[in-house]
Every structure is written in C-alpha cells, then in structure tokens.
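Enquirer: The task is simple: from the sequences and hints, build the whole structure.
Protein chains: 2
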Amino acid sequence: MASSSNYSNSPCAACKFLRRKCLPDCIFAPYFPPEEPHKFANVHKIFGASNVSKLLNEIQPDQREDAVNSLAYEAEARLKDPVYGCVGAISVLQRQVIRLQKELDATNADLMRYASNAFPGNSGLTNQMGRRMSQYSGSSFGQIYDQYPTPYTSSWDNSFSGDHPDNAGDGNP
Amino acid sequence: MASSSNYSNSPCAACKFLRRKCLPDCIFAPYFPPEEPHKFANVHKIFGASNVSKLLNEIQPDQREDAVNSLAYEAEARLKDPVYGCVGAISVLQRQVIRLQKELDATNADLMRYASNAFPGNSGLTNQMGRRMSQYSGSSFGQIYDQYPTPYTSSWDNSFSGDHPDNAGDGNP
Chain A
1 MASSSNYSNS
11 PCAACKFLRR
21 KCLPDCIFAP
31 YFPPEEPHKF
41 ANVHKIFGAS
51 NVSKLLNEIQ
61 PDQREDAVNS
71 LAYEAEARLK
81 DPVYGCVGAI
91 SVLQRQVIRL
101 QKELDATNAD
111 LMRYASNAFP
121 GNSGLTNQMG
131 RRMSQYSGSS
141 FGQIYDQYPT
151 PYTSSWDNSF
161 SGDHPDNAGD
171 GNP
Chain B
1 MASSSNYSNS
11 PCAACKFLRR
21 KCLPDCIFAP
31 YFPPEEPHKF
41 ANVHKIFGAS
51 NVSKLLNEIQ
61 PDQREDAVNS
71 LAYEAEARLK
81 DPVYGCVGAI
91 SVLQRQVIRL
101 QKELDATNAD
111 LMRYASNAFP
121 GNSGLTNQMG
131 RRMSQYSGSS
141 FGQIYDQYPT
151 PYTSSWDNSF
161 SGDHPDNAGD
171 GNP
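Quick note, the sequences are listed as chains A and B, same order.
Under full-length UniProt numbering, the first residue of the first sequence carries the number 1, and numbering increases by one thereafter.
Under full-length UniProt numbering, the first residue of the second sequence carries the number 1, and numbering increases by one thereafter.
The reader is advised that the hints may include incorrect statements.
Copies of the same chain look alike in the list, so a pair counts if it works inside one copy or between any two.
Unchecked claim - Taking lysine to aspartate or glutamate and the EDC-like style, the derived pairs with C-alpha atoms no more than 20 Å apart in a straight line are:
1. LYS45 with GLU35
2. LYS80 with GLU65
3. LYS54 with GLU65
4. LYS80 with GLU58
By construction, these hints were calculated from the structure, which means they are not laboratory data.
Expert: Printed below as a string of structure tokens:
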C-alpha cells in the first residue's frame, strides 16, 4: 500500500533527500515515505531523480507503486553487484531452470523406462507419466527464453562459473 | 570484445549522442561504438550518462564491458516494460524454478515408489534415485533465494497471473 506523507507534516524521503519542499502533488511522496530514506537514496543513486520522475509520469497511477518497488529492487541489486546488478540473478536463475528441466527430463525418462519394464501392460501408468513430461516440454520453456533473452550469456557464465554457490558441487560437468 | 572508436575518426555513440568531442580517454568509447547508437540511447534514458560514467569509474577496467552490457540489458527491459523492467523476468524465472523443483520432487517420489514396489530388493536402484533427489533438495535452492529475494512478490504475482504465457495451461491450480 502506498504511503501518503502529504497528510503528515514530514516531507517524503525524496524531497528530504533533495532538500526541497514537499508539495501536495509530489510525484514521489506516495511511494517514498520518510521512514524509508534508503529506498529513495538507492533509486536516486542508480537512476537519478529526474529519470524516476519521468518514468512515473509516463505510467498509470495504479502501476506506480509496482514500478517504484521494481526500481528499488534493481537499484539495490546494482549497489550490491555494480558489474551485473540484477541481471546476474537472471543469468543464475536461467541456468537453474535449464538444469532442473534436464534433471526432470532424465527422471521422467527413468520413470518411463522402469515402469514399462516393471508393468509392461499398464498403459494407465505410462499415460500418467506422459502427461507429466509434456507439461514442461518445449513450448512454455521456449516462451520464457524468447521473452527474456540473455544476450551476453558467455561473460556471465564465465563470471559465475567459479565462485557462485549455485555452481558448487552440483555434480554436473 | 570492447570496441575502440578512439582509433577511428568517428566519435563514440555516447559522445555523438551527447554532442561532445570524443577525447582519447573517453570512458564510454570502448563500450559504446558508433555503430550501436541505441545501446547508449537506452542506457542514457534509464540511468543517465552521469550515473553510468560514475559507475564505470568505480569498477575495474576489465569488468566495465560486462557492466555496460548488463546496464544495456536492464535499460532495454525497462523500456519494454516500464513497470517491472527485468525484475519481471526474475519473478517469472523464480516461479518457474519453484514449479520445476516441485515437479522434480513429485517425479522422484513416483520413481522411488514404483521402484520399491517393482524391485523390493534392488538397493542399487533406490540408492541411485536417492542421489539424484539429493542434488536439488534444500541447500542450493535456498542459497539462490537468499541471494536474490523478491521482496514484492505479491504484486508481481498478481500482475503476471492472468496474461503471461508462462502461466497458460500448465494444469496447476
């Protein structure tokens, strides 16, 4: 829920940071309450107050809180990791999805193989397994990749290959 | 590989955009070649030239190309989706990881159950399955979540619940 510091005597965190008077129509006030000064400081450092103000004015009022929160998340990620920011998370998650998908395919193949050996006439069991496998094959996985491509995968792969906990001891080559 | 427009007569894309002389020590030139004008335009619109320059000066030269590329990726994502930017991708990928992990757990449980019914004395098979299950249980999944939390999950979940292809027809409640 967006705060509304206009109703209190305190200027919003943005106006306090920028040392300006917080007017009733302040674009920042509903999303940067005075009790969260770091939220605005981070967003300001990474995106700049002017860019954030422009962006908020270009989107619908009911989407502004989500926009501010996603900007704050990106800003915090960039401050923690100046080189990769939250794009590092996308790279790690994409590789995790690929690994889980491969593992699921292999496990389903094992299940089909053992089931067809153990119950040669049980078509109900193999049909059930077939349904489960088809949920994750091809299309939906392709859609998420088409929508969020990582054009610089090789650099991030190298960067994450040695020191990231996600890569430690997973037993894959 | 970073380009180096200093060696040509053309100013880099940043200096051309900012209408300034591209000097030999230009911080932007190696990463914003004149043949990619949109790369700088996007980054400038979202982060601002001054913030990008500051960020590049704060990190090691051998990491600057990766930093510019991740900034360009974030900027493009924010221009395509002004409300969620690339944080939308993180949210979708995180839910995909959770779904795949649940599916893998269920498939492994099926495999263990059918195998123990079909081969009551085959400890080699159940040990093999146990190893596969332990690869993805608990710790590594927890690590990626601890490192990249999504503090505003509920809003994004609502936003993505109806119209995203990732959610279409997956058969889950």
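Enquirer: Determine which of the earlier numbered hints do not hold for this structure and return their numbers in increasing order.
Expert: As far as the earlier hints go, not one is violated by this structure.
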